[in-house]
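**Student:** Take a look at the letters that make up each chain.
Protein chains: 4
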Amino acid sequence: MIDRAYALFEEQQQARGINLDLVKQKLQQLRIETPSWGYGDSGTRFKVYQKNGVPRTPLEKMEDAAQVHALTGLAPSVAIHIPWDKVEDYGKLRSHAESLGLRIGAVNPNLFQDDDYMLGSVTNSDAIIRRKATNHLLECVDIAKETGSRDISLWFADGTNYPGQGHIRKRKAWMYEALEELYKKLIPQMRMLIEYKSFEPAFYHTDLADWGMAYQMAMKLGPQAEVLVDTGHHAQGTNVEHIVAYLIDEKRLGGFHFNARKYADDDLIVGSMNPYELFLIFYQIISASEDQDASIVQTVNNIAYMIDQSHNIEQKIPAMIRSVLNVQTQFAKALLVNHAEVEAAQARNDVLGAEDAVRQAYECDVTPLLHMIREEQHLPLNPMKAYLEGSYDQAIQVRGKGGASW
Amino acid sequence: MIDRAYALFEEQQQARGINLDLVKQKLQQLRIETPSWGYGDSGTRFKVYQKNGVPRTPLEKMEDAAQVHALTGLAPSVAIHIPWDKVEDYGKLRSHAESLGLRIGAVNPNLFQDDDYMLGSVTNSDAIIRRKATNHLLECVDIAKETGSRDISLWFADGTNYPGQGHIRKRKAWMYEALEELYKKLIPQMRMLIEYKSFEPAFYHTDLADWGMAYQMAMKLGPQAEVLVDTGHHAQGTNVEHIVAYLIDEKRLGGFHFNARKYADDDLIVGSMNPYELFLIFYQIISASEDQDASIVQTVNNIAYMIDQSHNIEQKIPAMIRSVLNVQTQFAKALLVNHAEVEAAQARNDVLGAEDAVRQAYECDVTPLLHMIREEQHLPLNPMKAYLEGSYDQAIQVRGKGGASW
Amino acid sequence: MIDRAYALFEEQQQARGINLDLVKQKLQQLRIETPSWGYGDSGTRFKVYQKNGVPRTPLEKMEDAAQVHALTGLAPSVAIHIPWDKVEDYGKLRSHAESLGLRIGAVNPNLFQDDDYMLGSVTNSDAIIRRKATNHLLECVDIAKETGSRDISLWFADGTNYPGQGHIRKRKAWMYEALEELYKKLIPQMRMLIEYKSFEPAFYHTDLADWGMAYQMAMKLGPQAEVLVDTGHHAQGTNVEHIVAYLIDEKRLGGFHFNARKYADDDLIVGSMNPYELFLIFYQIISASEDQDASIVQTVNNIAYMIDQSHNIEQKIPAMIRSVLNVQTQFAKALLVNHAEVEAAQARNDVLGAEDAVRQAYECDVTPLLHMIREEQHLPLNPMKAYLEGSYDQAIQVRGKGGASW
Amino acid sequence: MIDRAYALFEEQQQARGINLDLVKQKLQQLRIETPSWGYGDSGTRFKVYQKNGVPRTPLEKMEDAAQVHALTGLAPSVAIHIPWDKVEDYGKLRSHAESLGLRIGAVNPNLFQDDDYMLGSVTNSDAIIRRKATNHLLECVDIAKETGSRDISLWFADGTNYPGQGHIRKRKAWMYEALEELYKKLIPQMRMLIEYKSFEPAFYHTDLADWGMAYQMAMKLGPQAEVLVDTGHHAQGTNVEHIVAYLIDEKRLGGFHFNARKYADDDLIVGSMNPYELFLIFYQIISASEDQDASIVQTVNNIAYMIDQSHNIEQKIPAMIRSVLNVQTQFAKALLVNHAEVEAAQARNDVLGAEDAVRQAYECDVTPLLHMIREEQHLPLNPMKAYLEGSYDQAIQVRGKGGASW
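Protein chains in written order, with the working numbering: chain C, 423 to 828; chain E, 423 to 828; chain V, 423 to 828; chain F, 423 to 828.
These are calculated hints, taken from the structure and not from any lab test.
Glycine included, every Cβ here is placed at the ideal spot set by N, Cα and C.
It cannot be assumed that every hint is accurate.
Derived list of chain F stretches under chain V, where covered just means 3 residues or more per stretch with a C-beta under 8 Å from a C-beta of chain V [claimed, not checked]:
hint : segment
1    : 492 to 501
2    : 535 to 543
3    : 610 to 624
4    : 678 to 686
5    : 708 to 718
6    : 730 to 737
The following label-pair restraints were derived from C-beta to C-beta distances [what the hints assert, rightly or not]:
hint : chain 1 : residue 1 : chain 2 : residue 2 : range
7    : F       : LYS642    : C       : ALA762    : 29 to 39 Å
8    : V       : HIS800    : F       : ARG553    : 43 to 53 Å
9    : V       : ILE609    : E       : GLN447    : 48 to 58 Å
10   : F       : LYS508    : V       : GLN819    : 27 to 37 Å
11   : F       : ARG426    : E       : ARG478    : 44 to 54 Å
Okay, the calculated bits of chain C under chain V, using three or more residues with CB under 8 Å as the criterion [unchecked claim]:
hint : segment
12   : 573 to 587
13   : 738 to 747
14   : 768 to 781
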């Protein structure tokens, strides 16, 4: 049935004017980074439910991540979070990862769990705390050198809960000071990815609240600073794909933290709430990847796709498999947009025709295509089923409860 | 200055047609319940910062609550949360409270922190877990009998994170089953207050998501079931005072959980983000308190005003003092609305006149009035200053860190 | 290719345990009412762009609607709006519709365009205006008798723009009074569908603001009163399918006004913004249609599916074709959910398994199924293409600009 | 009573450490521009209700605006909208204004009411339409020269309603092209104010959707380009005062369009929904006005305060009087913040103390202060009462209905 399904799919896509060889090539290049912390326990402010079998050490997190990659072929790198993944010897962590077929991805500082940071880390009104926070940022550059990581991924919980609590413009200056010091320490092949978030844990103002603030900082810092878009960090009624297109056009889109949400920063499995939005994000990206401006194409090629979720109730490894598969599915669909057709409709101001040309790609079932890709890469056709039927999950139960957590 | 300020205030209000004797009488009757858990540590999913001096036991929580009441005269009762406030002998807890000039208020079951409840408590698909959850509800009625509490205050975290995860209509039936069993156990003078919440910790659907669901349950259960409005549990762009007026009119408004929010359920100090909204809520309530229908008036008189906040960064006792004072301030302002004037403007369809009549009351500075009330009650004019300059805060530092928390 | 595609589709669905005969039968029963006003000019407060060829009379609107039905087989009835569709002789309008293969659907009163209604129609503080408004409601029942319509579809713009402008509880009583008078005039086979809306054109409070208010009114009125869900009339972050399931369970879901939105009540083509939400609504409906309780099944069978959109920039007839096709597509996908599989996963608390079972149906491409249905009904395989290549659109250009509009 | 009230107020503010002379001086400098279109009919997409007495010509609009200024002393300039205010001889319009004690303020192009602009003006895919739109922008610079206006105020309705309808990045380039051409035509003393809006009338994407996009354009254009903040043009859950502070700090805040909203862009009377937000905006502005950086102070001094509302149901002139008074009230309150006290609390990380210091100023009743200011300026103490009791409103009734409108 798989071959017949693919044959039919091929025929249909050719009829739509789609070059499947190119599609397959781009699909094979898709890489999604999974986060070490996505394998540990996490939860809500009401409760963190501890799961049996979660990894107890950074090394075990790598082992779980290796499973996801082995079954999907999509996730060859793992982001780390310091100090959650603090180890004596990062060279050893790196070798361990490499021995599992992985590499260490982005390094994420943590500036929101030390008592000193309650009212701000790099934007604290206390200079000693700001110094401590900036030192931690610098430490992460050192770690990145050891792990061979390209990206320092920066999310700041800094903000205030009440009007008057902090001096907004002073805090802005302090934020820039810290970023500038970090920026100067970057080696040429490194990038600084600046994340923004509309709220939580700060409930009045967040120092870097939207893409505009992250972008303004990045512009002022220099070309190695780019913006990181977390899909759940926007106010309701924000067109995320518009921001994506805008940042690409300004050559400042560094990467994504993927997740899904229906309400606030729900951190659910990417693609599970409004999959069309994810498709439309990829539509903008793929459209830009065919731009005549080489620097736009380069920006697109350097986008880091990363998962950042909080699996409150899900089994950890299956949730991560589902996540990377959902990304792959929407990416594949977006590759089926016939851009020439869309642009022709746009040129003649044919609203419904242009919309239809985009939506049609979304409505395709890409299962035959994904099956073919997996077959060619000697991967299980159904990675989730393969995991659930495999022995790994059984084997890790011995770890017990109380492993790594936020 | 205080006497002169009050004299002038009196003159101004008389000119506005306000009967200050009545205002003062109603102000003196204002009672706001504080929650035992508001004195302990709480936080966000990112971090709970431990404060020095937080109470270590239910008894110590009562002592802290007694401070708030002693200084403000507003908070004579304390809501408890089971099992956070579980004690061997509730009679002893009650006596302790009474010895401090307090009484035990609403009893709040907790159905969101046991491992069994990860996917639902009373709406879990597992009948054994549902039974356990319902038993806990019943236990709370027993406790309420011992503590002399009138209200069982019900918030359920029950819901799902993904489409398909739960059978929405089955869960609705299970919810009703549990509530019905609880309802039957209530003694005549007891009430069941049903709270709703749009989301969190459930991120796809929450079994009791809005006032309509809580109301429908209450209607079906009977007259001792009423709705509890938590001011932070609505979608953005919800007119909360409209819901309040609607529920009063249907004689189903049982009480409030007060707090403030700018984004989601931020659980900040009530009145700190949009104080006008709090004023407008009280405007609806006070307007109804003068209704010709005695059952409407009775509904209003029985409304339980309760604080329910999460003080992530604030000092606990000062935050609670600020909270009850903010409620008192907006309540006082709402008492200054000249309803006859508003209704005359409404009757002649004078939009701006009616709006002005309401807003004018809000723009009054009620400090002279509150000073007078406090003076008459032998309370400190500035309760916050009195607390900060008193010795209690110093005395409790000996408790150290790591006290009670969520 | 079509036959091969269907053969493969059939095989795939059988492998998923889906009974395609049943699916096809339900698909053939799908009926979507289009609104007469959807064929005329409409716009935003900034501008109504006049299109060439829009119908000039109610009769011409029927002709346009007949095109949509002729090409899709989905839209055999047309909702009318009084006085926009006011005619001397409703019998003649009905005959005209019937001669085109259509019937007249829901009758919609209009209580928001007369100068008298600026500050409210049935909730105006002026009794004379209330009387006039109620009379219009009663007139609509008379019209419904003549047109043979089952449903009176009620949307009220009534509300206020400022705090204090109106007396919320009095207005509630006036609303009920009017509805009650209308209710008493219904003949047994008629239904009153009560719509709600969170805001617009009222910007402070809307008298019927949410499903809870519409439901409370319906409950009090009696069994012929039901709730009408307009998919765009909710605050952001509302789970619409939850409300749908809740209302079905209470046997009070009377129908839908379908449209799509990204921000407020954008009134875009249904299924164009978040098609998964539309699918999930149908998933709840179809799940309930298999309930063991016959009254639940009856509720589902009586749901009126209606389009209610504002085509600001789109060509009118193509926009309507796209709308009913989008509904058909998501309805078809929802029919492919294997409920036994979902419920088995729910029963074993398998979060990811249950989610996957629902999402899998959504990811199916239902084009082969829809082609087969159309072939069997002797309809064009691609109704949009058939319309665009047909002569009708050319023929109506003679109508010129300035036809019917809001 | 007024003198006694002021004496007491003075005493109280001195006790709070406030220099009332400075406060009064700043209050006297407050200038709020009213929009010519705010005096004409406007409404919602459902209905524009025509009011009796609305101005029929640009000259009559000036006369109405002059009333507002005469009674409040706050509104000496009037923004105009082209072509709504198109006249043969702008010199004559200017003289007329000046003869009434007014000057012409910002010039606002209109690019959303010509049929050509249905799918975009400066971002239309049709180069001829883009040219026409840009020409209109250039025409407005010419008009501004004649009227002596400093600011060209730019709001674009440009955007799309559906995914795929427009090429987002191409449209971005077209937007910049038009702005650049306009920018080059500015004379040195002119400014271009770039407004943004999250949605409406475009419902999928708006070309300039948020402050970040407006800011990026302004940065690229040069120092005469600044951002215009319309208080109603943000997603729910946006901290507007944070954006204000950010833009001031970047020296790119050019002005405001003031209005209030509870839901979307409701365009209600400023300060009527959440007055605390307006106060907090002014708190940021006034705080910056005392900055040591002279360019920050200069930015603040050049902020254009403008009303931009849509009075759907209100009487036009009274609504405008209320609007400027509400702005004055919150501005006055914000002047009472003791910045030294706030900053001292911030420095010691005293969350509640800092919040209290800000909120205290808000809770002051500034009526005595405003009365004194008005007395000193020989203005009526209660401008609204003066208007309603005056003869102007009676006199304009002769204009009849059907005057100027959107």
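**Student:** Hint by hint, note whether the structure agrees.
**Tutor:** Checked hints:
{"no.": "1", "hint": "492 to 501", "verdict": "violated (count 0)"}
{"no.": "2", "hint": "535 to 543", "verdict": "holds (count 4)"}
{"no.": "3", "hint": "610 to 624", "verdict": "holds (count 4)"}
{"no.": "4", "hint": "678 to 686", "verdict": "holds (count 4)"}
{"no.": "5", "hint": "708 to 718", "verdict": "violated (count 0)"}
{"no.": "6", "hint": "730 to 737", "verdict": "holds (count 4)"}
{"no.": "7", "hint": "F:LYS642 - C:ALA762: 29 to 39 Å", "verdict": "30 Å, holds"}
{"no.": "8", "hint": "V:HIS800 - F:ARG553: 43 to 53 Å", "verdict": "49 Å, holds"}
{"no.": "9", "hint": "V:ILE609 - E:GLN447: 48 to 58 Å", "verdict": "54 Å, holds"}
{"no.": "10", "hint": "F:LYS508 - V:GLN819: 27 to 37 Å", "verdict": "32 Å, holds"}
{"no.": "11", "hint": "F:ARG426 - E:ARG478: 44 to 54 Å", "verdict": "53 Å, holds"}
{"no.": "12", "hint": "573 to 587", "verdict": "violated (count 0)"}
{"no.": "13", "hint": "738 to 747", "verdict": "holds (count 3)"}
{"no.": "14", "hint": "768 to 781", "verdict": "holds (count 5)"}
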